[in-house]
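Asker: Turn these sequences into a full structure, and let the hints guide you.
Protein chains: 2
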Amino acid sequence: MVVLLNLIQQFQPPLFSTTKSLSSNKSRVVRTSISCSSSSSSMYPQNKRLRFIDLPYLPTPQRNLMVDLVSKMETSLGSQLLPSSLPLDVQYFENESGSSQGALDIRSGTQDSTVDFILGSWIHSKLPSGALNITTLTAYLNNTTDAPRFLIEFIQSSPTSLILILDLPPRKDLILYPDYLTTFYNDTQLDRFRQQLVKLPEIQPYFSSSLYTRSVFSTTAVSIVIDCGTGGPDRMDEIILDDVSPAAKEMLDIWLDKCVCGGRDMEEQERVDLKKRDVLVNKKTLEIDLVAGLPRLFGPDVANRVIEAIQKYSLA
Amino acid sequence: MVVLLNLIQQFQPPLFSTTKSLSSNKSRVVRTSISCSSSSSSMYPQNKRLRFIDLPYLPTPQRNLMVDLVSKMETSLGSQLLPSSLPLDVQYFENESGSSQGALDIRSGTQDSTVDFILGSWIHSKLPSGALNITTLTAYLNNTTDAPRFLIEFIQSSPTSLILILDLPPRKDLILYPDYLTTFYNDTQLDRFRQQLVKLPEIQPYFSSSLYTRSVFSTTAVSIVIDCGTGGPDRMDEIILDDVSPAAKEMLDIWLDKCVCGGRDMEEQERVDLKKRDVLVNKKTLEIDLVAGLPRLFGPDVANRVIEAIQKYSLA
Numbered sequence: 005m006v007v008l009l010n011l012i013q014q015f016q017p018p019l020f021s022t023t024k025s026l027s028s029n030k031s032r033v034v035r036t037s038i039s040c041s042s043s044s045s046s047m048y049p050q051n052k053r054l055r056f057i058d059l060p061y062l063p064t065p066q067r068n069l070m071v072d073l074v075s076k077m078e079t080s081l082g083s084q085l086l087p088s089s090l091p092l093d094v095q096y097f098e099n100e101s102g103s104s105q106g107a108l109d110i111r112s113g114t115q116d117s118t119v120d121f122i123l124g125s126w127i128h129s130k131l132p133s134g135a136l137n138i139t140t141l142t143a144y145l146n147n148t149t150d151a152p153r154f155l156i157e158f159i160q161s162s163p164t165s166l167i168l169i170l171d172l173p174p175r176k177d178l179i180l181y182p183d184y185l186t187t188f189y190n191d192t193q194l195d196r197f198r199q200q201l202v203k204l205p206e207i208q209p210y211f212s213s214s215l216y217t218r219s220v221f222s223t224t225a226v227s228i229v230i231d232c233g234t235g236g237p238d239r240m241d242e243i244i245l246d247d248v249s250p251a252a253k254e255m256l257d258i259w260l261d262k263c264v265c266g267g268r269d270m271e272e273q274e275r276v277d278l279k280k281r282d283v284l285v286n287k288k289t290l291e292i293d294l295v296a297g298l299p300r301l302f303g304p305d306v307a308n309r310v311i312e313a314i315q316k317y318s319l320a
Numbered sequence: 005m006v007v008l009l010n011l012i013q014q015f016q017p018p019l020f021s022t023t024k025s026l027s028s029n030k031s032r033v034v035r036t037s038i039s040c041s042s043s044s045s046s047m048y049p050q051n052k053r054l055r056f057i058d059l060p061y062l063p064t065p066q067r068n069l070m071v072d073l074v075s076k077m078e079t080s081l082g083s084q085l086l087p088s089s090l091p092l093d094v095q096y097f098e099n100e101s102g103s104s105q106g107a108l109d110i111r112s113g114t115q116d117s118t119v120d121f122i123l124g125s126w127i128h129s130k131l132p133s134g135a136l137n138i139t140t141l142t143a144y145l146n147n148t149t150d151a152p153r154f155l156i157e158f159i160q161s162s163p164t165s166l167i168l169i170l171d172l173p174p175r176k177d178l179i180l181y182p183d184y185l186t187t188f189y190n191d192t193q194l195d196r197f198r199q200q201l202v203k204l205p206e207i208q209p210y211f212s213s214s215l216y217t218r219s220v221f222s223t224t225a226v227s228i229v230i231d232c233g234t235g236g237p238d239r240m241d242e243i244i245l246d247d248v249s250p251a252a253k254e255m256l257d258i259w260l261d262k263c264v265c266g267g268r269d270m271e272e273q274e275r276v277d278l279k280k281r282d283v284l285v286n287k288k289t290l291e292i293d294l295v296a297g298l299p300r301l302f303g304p305d306v307a308n309r310v311i312e313a314i315q316k317y318s319l320a
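Chains as they are written, first to last, in my numbering: chain E, 5 to 320; chain W, 5 to 320.
To be clear, the hints were calculated from the coordinates, so they are not data collected in a lab. Hints are supplied without guarantee of correctness; some may be wrong.
Since the list can't tell identical chains apart, any single copy or any two copies may satisfy a pair.
Computed list of lysine to aspartate or glutamate pairs in DMTMM-like fashion (alpha-carbon distance at most 25 Å, straight line) [unchecked claim]:
#, residue 1, residue 2
1, Lys287, Asp191
2, Lys76, Asp261
3, Lys288, Glu274
4, Lys287, Glu274
5, Lys203, Asp238
6, Lys253, Asp195
7, Lys288, Asp269
8, Lys288, Asp191
9, Lys287, Asp195
10, Lys253, Glu78
11, Lys279, Asp177
12, Lys253, Asp231
13, Lys279, Asp58
14, Lys203, Asp231
15, Lys253, Asp269
16, Lys130, Glu100
17, Lys253, Glu242
18, Lys280, Asp269
19, Lys316, Glu274
20, Lys130, Glu78
Answerer: Structure follows, in structure tokens:
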């Protein structure tokens, strides 16, 4: 959510109606998992306090993947993660009409961990053009290591089309630190995930409309649009299950193995610079994405509450 | 040439014969401009000392575009450019058998100019899979400004397929300097060139096999494969003339207007850091591209002579 909420703007009419590859498919009413989005008031009444891990509006393969990733992260990091301490009205939030709902979970790392915090979120919004679902899992490391972050994000605007970002975003200037590129990107052959996925005819590279957001990603980022067209939602499920899930799981394994545990020697000044860079990225990303996008879906009060809660972790 | 000679490796068999989109079309013998490459010994005898600006093996629209860009650069920069002082055997070079030929031109900027040097080059090589032509024009600025460089490069391996890089590569870490991104990329709407070009069905994004090379480019870089398939070389000419040429010329205008003349205040330490970064980029790029690729085409002696000549400018 932190990285790509600026995309909400792209899903507002009229842009939505003119963007061919992301156009919604209003006439199609399909399978239980997707059709939830049009019958949410009965299935997920407003008095039920949903959690991040419920991921209520996602098609099953996406939900299973996110649950597996969270579970793998929690199991691997174990006691390095503190329990969530977010206020209840930030763990789950909605707008006045209930047409937009969201959930957030943040778990800080312990003092002796390289993990700064893990952030999971989902947003579901009934827009005039159809339901929008944004689901994110991001892991931030602190400045005891300069290793990359982990990020996965699904932005789905119709049952047959979604944007996927899957990346280990770097925390150093790759031009000044070519050995960083070698360690985390060349030696891990990270580009193979992108290469494999773009071979599928349904997949095209995706370029975020924000140039700053593009700069945040690594040069090996899986940043793609999956558009199944006449293949329908079944083909989408198949791609998530057969192609995206293995890539995402393997990338998480690389992150857990090489980044969380992959400490690199740093001078004190390098740590100070790293902290400054991390906070700057988080601040700019919040500005571009959440400050611009969240009030449109939830109104200013709810949006501010959620943004302030995230700032306590990301700008600290 | 400085940025993309690593591509030569991709045009060597067996990779060449397995890369569908870049495969040569041996059976096709077409138009004067391309067919030059198979009759070069008569049209361009080895005792004729070719110059960079001759661009002898390029199809007319590519040649005209490069000549126009060089001409515009030379006219606009005028007395800011010193005459070329390269040795004759670096201005034009070939391998023993004459199957690979190349030309290089470098013009330094005067002491009071922001221009460090301008480098133009072409390479023509008869490979088993067909003729390879690489044509480059790059403009480097010195550390009196941190404004981006200018780069255009054509890598053509068949009459119907080519790779184009067109970019203003940044000289700062865009994450640490978001105002740099705003000034040179957002305010100039630089992304529109990429957006326009990838709308054509013959054009796909191109990802260099070198992650470092990818890191050198801006997030708005036109990095594309143009594959005309059954449209043939006439369609390629049309795309170069109607779509690529206007984009390249407009991008050069932006560079001349906003970068050469677009000084930004810098502290002394910032200038020192900038110089360090520029030299590191140049050194890494030479290593990746020329040191690995040039000896394959020209043998070690010629390759070393050319590389050493470039180093005198790019690592100074």
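Asker: Going through the earlier hints one by one, which of them does the structure break, listed in rising order?
Answerer: Numbers 13, 15, 20 - these are the hints that the structure violates, sorted from lowest upward.
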